[in-house]
Every structure is written in C-alpha cells, then in structure tokens.
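Q: Now for the letters of each chain:
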Amino acid sequence: MISPQVHVTNLDPDGFAWLCDLAAARQARDARWLWVRHDGTRVLATVNAENAGPAVAALRLDDPDAATTLLHQADVKRVVLLDDRHRPALGEALDAAAAPDLTQWSYFRACQRAFWESPAVLTAPEPPADAWAPIAGCLARHGDLDLALLVYDGPALLLGLRASVREGAVVELTGAGQGPGAAPTVSPEELVQLMDRDRERELDAVLVATRGQIEACFEADNLPAAVLDLAGEGALFARGAELFTPASVGA
Amino acid sequence: MSAIAVDRGLLRTEGERFRWLSGSVHYWRHDPRDWERVLDGVLDLGLNMIDTYVPWEVHERADGSLDFSGALDVARFLELAHARGLRASIRPGPACGAELATHGYPRHIVSRPECQGLRCSGRPYILPSASHFFPVPSYASSAFRAEVRRWYTAVGQRLAGLQAPHGPIVAVQVDNEMGFFFQAHAFALDYHPEAIAAWRAFVLELHGSLDAVNRAYGTNAANPEGLEPPRDGSDPSELRRLEWVLFREHHLRETLSELAGELRESGFEESLLFHNDYARTETPMDQRALEAGGAIQVAGVDAYSSRKGGRWITDVARHVATTSRLPHFPELGSGWISLPWLIPAGIRATDQEMVTMAAFLAGAQGGNFYMLADRDRWYGSPLDNGGSVREPHASFFRRFTAFVAEARLDELERETAVLLLEPRAELRREAARAVLGDIVPAYREVMPFELGLGDPGAVAGEARRWQRALRQVIREAGLDCGLAVSASPPPLAQYAVVAVPVLELLDAAAVDTLAAAAERGVRVCAGPSLPRADERLAPLARAPQFTRLHHPSDLAAYLPTPGVEVSDAAVEVFRWRGPDREVVGLLNQSDAEVRVTTTVKTAARWRALWPVRQATPGETRTTHDTTLPAYGAAVWELAA
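Residue numbers (our numbering), protein chains in the order written: chain E, 18 to 268; chain P, 7 to 646.
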C-alpha cells in the first residue's frame, strides 16, 4: 500500500502536525493493554496490571479461555498472554515474515499476523482484523489514482493532502498546493481546481471533511472503516465518491 | 592533530572562536538549482553552519560503483556553502537513518550474511526503516568494516580537501546514533561470530586467564572458543550477564574509536570528530567515557520533543553540559518525520521555541537544527524544499540567533551546586535481567509488543525509581543541577552536594572519586543503601563515608538555597554567573499562563533578553514580576 520509494514533501506544517497528533493519541490509547508473560505454570511478568493484581494471581494458565476470563475481570480493552514455551517458534515466524520482496507495509502486516497467530500468544477479544486490508485491496484494484483529503475547521482549511497511487501503492504524498500566502478560507472547489491545474492528471477522488469528523474517525476502533463511512455521506465528496463506498471497497 | 579546537563551549580555528549553530540540509534531496537559495536561507536565519549526511546508500550503486554527479555533487554543494562564509559538518556514516530505505547502508552490502548483525537466537536482526526494512550490519564483522573503509577512503578523496581553512568542513560525524540499532535490550545484539570473539577477548583480559573466567562464571571451557556469551537474563551467572552489558559499552567505544581512526586515515585529520546518540544516556551509552577515552572528541545527544517535553529537554541538556567538553545537540528537533505510520508526532513552531530555549538555558552552547530545510519524509522546517522561508518558524530562528549572540552564555558559568549521578552499575544489573531478546522489535508498528514484558529497563525498577525521586526533590527545591553517570563521574569541584542512588552496587570509578570528594567536604549522599560492591560484584574493601538517605526526601535537608527564587513551581529557573553580569532565565513548563515573581539576593539592573530585548536597563531591584505564556520563556541580563 505504501511504496518503498514513497516521496513525502511540501506538507503544510500545522495541518500535518494536527494529523500526527491524532495518530499519536491513537497509538497511546492502544498501548494500555494488559500483558502477562508466563511459562504455563507461573506468571513471569505483567504490564499494565495495576488494577488487575488479584485477577492475574488467580489466573489458571492451563485454561484455554484464560485471556477471556481475565478480560472480564480487568478493566482493559485487551488482554495478551505470552507463553514463553512457544517463544522460539514466535521468533522463527517473525523471521520468516521478512521476505525481501515485501514492502514495509506488507512486512508490518506479516509480522502482526505472525504475532497474533503464534501459539505463544493468547488474546481476548479476538485478534484485531487487518483494518487496512480493504483499503490496500481497493488501491490495488484501481492501480493508479490521485486522491485528496481536505479538512476544514469552520471556513478555514486545516489540512490539505494529496496522494498519488501508482500500481496500487502510494508513491507521493504532498500538501494540497495552497502554499504560503494562500487565503486560509479557500474553498474546496478552488483547491480542487488548483490541484487539477498543477498536475497533468486530474484528481480521481476528493474527500472533504470537517475537523470533528476526522477526529471522530481517529477515535473509532476501525479507523479506515470510519473514514469509509464518511463516503456514505456522498455530499462530502467533491469527486469520486463511488470509488470509496464501503461496498466498492469490499469492507 | 585537529585544526579545530574546543574553546570554552565554542569552536576555534585560526584564532577565531565561533558557536556551533548549524542546520541540516540534505543536498541530494533538493534540486541543485535550489542549493544556493537554500544556503542563502540558512544565512537569513542567522546560522553559521550547515550539516549534511553524505549517505553511502545514495552514492553507491548496486554494482559497487560510486556516483558524485548532479544532485550528488556534494563537493560543489559544500563549495557553495564556503563561498557564503558558512562552515559545515558532514556525516559520512556508515549509518545515517535520515528516513532512507536502508539507513544509509547499501542494500547489497547488508544483504551479505557475513556482514549481518545477529540476535541471541543467531538470526539476523531485521530493522524497519522509514520505508522498507533491512538486516542490520554487524560492526564487529571484518567484511562489513572493510566495506566501510572503502567508503571512507572514497569520501576522503573527494572531501578531505574541503576541510577548513581550505573549505567549509570543520566537523565530521563518526557514525550516527550507533548503539545496537535502538536496542537498549542487552541481549538483542550482537552475536555475530566476530562480536563473540571480541567478547571472549574482553572477558579474558578482565579476568586475566581462562581459568579465572571459568571460576568466575562457573564454567569449564577447555579453550577460549569454548566460552559462550549469555543470551538471556535467565543465564545463571549474574557476573557473566553483567560483563556482557559492560562489553556492549566497551564494544561501542572501541568501534567508534576505530572508525574515528579510519576517518583520520582517510584524510579527515583537521576536523573535529563527533558522535551523537539519540536521547539515550543509559547503557550502552556513556558520553563522557567516549570523550575521556579519546574514542572521539565530542559526544553529543540528539533530542526531539514537543513543548510538553520541556523538562525532559532541560535534563538532556544538563547531562550534555555536565559530561561533554562541547555541550551541544548534534540534532535538535526542527520539524519531524512525515510518515505518520511510523512514530507520529505533531511538532509546530511553538514547540521549536520551547525546546530550543530549554536546551540552551539548561546548558547547551551549540546545536544543529534537524532539519533546517524541508525534504522528502520531513515536515515543519523553517525553510521549505525550495529554500523559501516559512513563518512563523523562520522568525523564531532570527530572534534566537540574535539572542544567543547577545546573551554570550559561553562567558558565564551556570550555577549548579548539586550533581545527581545515574547509578550505572545498578542499571546495568537491571539491564542484565532482560529476556525475550530474540523477538523484541525496534518499533511498535512491527507487532504490538509490550517492551516491559521482557526488558526490565522499560519498567522502572527500584534504582530507577530512586533516581527519579531524587531528581524530583532537587527540582522541588528550585535548584538547577548537573547530571552525569556514575561510571564516569565529572570533576566535582563545583558541587556542594552529590547524590547517587545505590541499592548495593556502585562503579569503582565513582567509589574512589566520591570518597575523595567527601573527604574534601563535598556532601555525598547515597540511598537507600551504601555501596557494598562494585560494578563487577567485587566487595568494596571498606564502606565509603557517604551520607545515607533512607528516603529520597531526606536529600532536601542537605540541599543549598537557590540563588534565584521564583514564586511558581511550574517555572524552572536558570542562573548563569560571570564576574560583572549574570543571566537569569525562566521556563514555564505548564500549559497555562503564569504570573511569576523572580527574586535575587543582590539588587541589580534587569535587562530583558527574551522575548523582547530592551535597549535601556531599568532601575536597580531584587525582584521582577512577569507573565509567562504557556510553555514560554523569559530571560534577563542582570548587572550592577
């Protein structure tokens, strides 16, 4: 989905910083899972178990539902049990994931799969689905696309991003071309015209969203699905809504 | 012998002292037609140096041939800088990072098994880069090192002639952020056969003979090749594990020393050789030991943060100021990586202002702003990719460079009567308990793994908790302080009080130095215990006469009174003193505006240096009221 040669430049600093803040907050939120490392008979280490001490102490490690049991007793979003006895197998599976022809994106996905599918790992609820897979599949089907995201905070443009997809992979990410000195209240129509004029290829799809809508997407469990839901509100798309409806993506 | 000298916090060449104020510009990531415009932009911001990688990965083709033409004509780029009076530091690697696909190493070299670093499982360590992933090299591999020498020779042939005074180059970086590829985890790397051979030689020298090693480790190796390194915190010999952690520190110093020697042999004898680690001051890094051992001339620390990390930045600066002969940040964040799927962070111009003021008020005398010009995979620099200035980022740089020229902090001494030492022996012991080194990834994005499960350093142990608590006691007393490492304590003459957490161990170097200081009247405080053994578990001949702290708060009773007091605990205060003037700086480390009264003991005229310079000094007084915006700074010069 992301080309190893991806070119990312000339981004609007403040708008992009806002997007990065959302991504960082999302990552921090996911970091508060309850982790237990054990050897089948003893608990060897825990992380984020401050409020689950008795539940961890009472854990039956030979119980195949141990993770689910602990999830019900501890106030956490996810429980992960790591069995030391299967650790070598996990190491081998992770090594096997590093096929040299993979892109970084595919490598991350392969490692995540190897981790969740390892016999060393027991988790509850069910391992998270690869939420980005439908998007990657959609981009692969379309091959070449030029996309833009325009986010408004009231009448003011907060973030403008243009992405170029070639052969299913994002090869370029740039600002939306508003540049220094541009009117902060430039309309979506004007920006789209500007972007179309700047490049030989016209934009295939433009998503226009409010700050609140994008922030809500980053709060959702499934970020790409939440963005796709915006596509259901077709009026938000200045162009190309049909490319990214949940049905067309196959989500 | 280098033609560049370090002179009281600044650099000196041909009799001219100058401050290291540079910005990173990656020539190959700009259209060469924009080079002059970008360099003019650097001057416009008030900086006097540029800094650039010379990335091996970019210059070397898959067939091993080298390309220095067009956008890769680094010599021409440097000549353009020289023509403008700019000086330069160059970074020929071999590591770069820089969001390159293979961190600066040519892929065809790191693909060779004999060049690859190995994990404790014996398998290569795969590191995700910004856009791909690659097996990291082993710096113990003679095959890899031969390739590095070939590269250094090629760089020397093209650029050594551009060292000052014939060209702009005054500093050359010896590798970038070396230190086991972001792996603090003690047993993650490196188990390359030649690294293991180096470990064997290290322990044989430590113990004197194979028999002595066998006795110490409880092993019965028939020959040195029979000695096996520990691969996990569950290894039964704690001494063997501790000496593995020691070896990693030693290996890093030795390798940097060898690389520095090879750079000199390649022609870079005139330049200052420096190294930088990312903001890590714990094992395997020891910046002061790197300088003291002569491995490299200057060891700095890189730091990136939002304004909310101001307290962290000030402590990194304190560490650099206490441990380095040239307190500077080889990378001080100016913008951030523009790949939000990899370590996302929102960095703005307001962050730049707080972070920079924090670094310089707390002890930095110079720095390199990374990146000064936007480039591929980076955002938020004061110059865009074509060299146009970007506001409000650019105006901050102009104000800041004018401020440092006027404040002349290099002529003053920062008031630090207290020194807090990181308990290196204790933290090595913590590191030596690490497990899971065969699977620990460098980034969370690879898999959702919690480092604290296998790396005790990721979860605060008792020694680390004491260190943090003692730091808090010093902070609450309103005192600035020095920060250093117990394995290589700095000169102690300026300190009235030295504090170090001790559970059981204290480095032999610290025991001797601190005991001598205590005899001279320095109050040396240790707790919760007094040291009983050194870093290799050898019992001390006699217990040092330190003041024992039963609780971190006990330290407060021994701390001196601050020379400058402020009325709000959210405000950090810094005092730089000279014979006829001093500088007082305040940093509001909170997200709310504060009204603060600053009080000094002797009446003086206060002249504002930051944020607004006043031409006319005010009347003589001992207090000053001011309003600091959230994460804002204020600085005055005080004179009789």
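Please note: incorrect hints may appear among the correct ones.
What the hints assert, rightly or not - Okay, the calculated bits of chain E under chain P, using three or more residues with CB under 8 Å as the criterion:
| # | stretch |
| --- | --- |
| 1 | 67-81 |
| 2 | 222-232 |
To be verified - Here's a subset of chain E near chain P, in silico, CB distances under 7 Å, partners left out:
| # | residue |
| --- | --- |
| 3 | V60 |
| 4 | A62 |
| 5 | G108 |
Hints were generated in silico from the structure; no laboratory data involved.
Heads up, the beta-carbon is just placed ideally off N, CA and C, and yes, glycines get one too.
Q: Look at each hint and say if it fits the structure.
A: Status of each hint after checking the structure:
1. 67-81: violated (count 0)
2. 222-232: violated (count 0)
3. V60: With Cβ-Cβ at 11 Å, over 7 Å, it is violated.
4. A62: holds, 5 Å
5. G108: Hint on E/G108: holds, closest Cβ of chain P at ~4 Å, below 7 Å.
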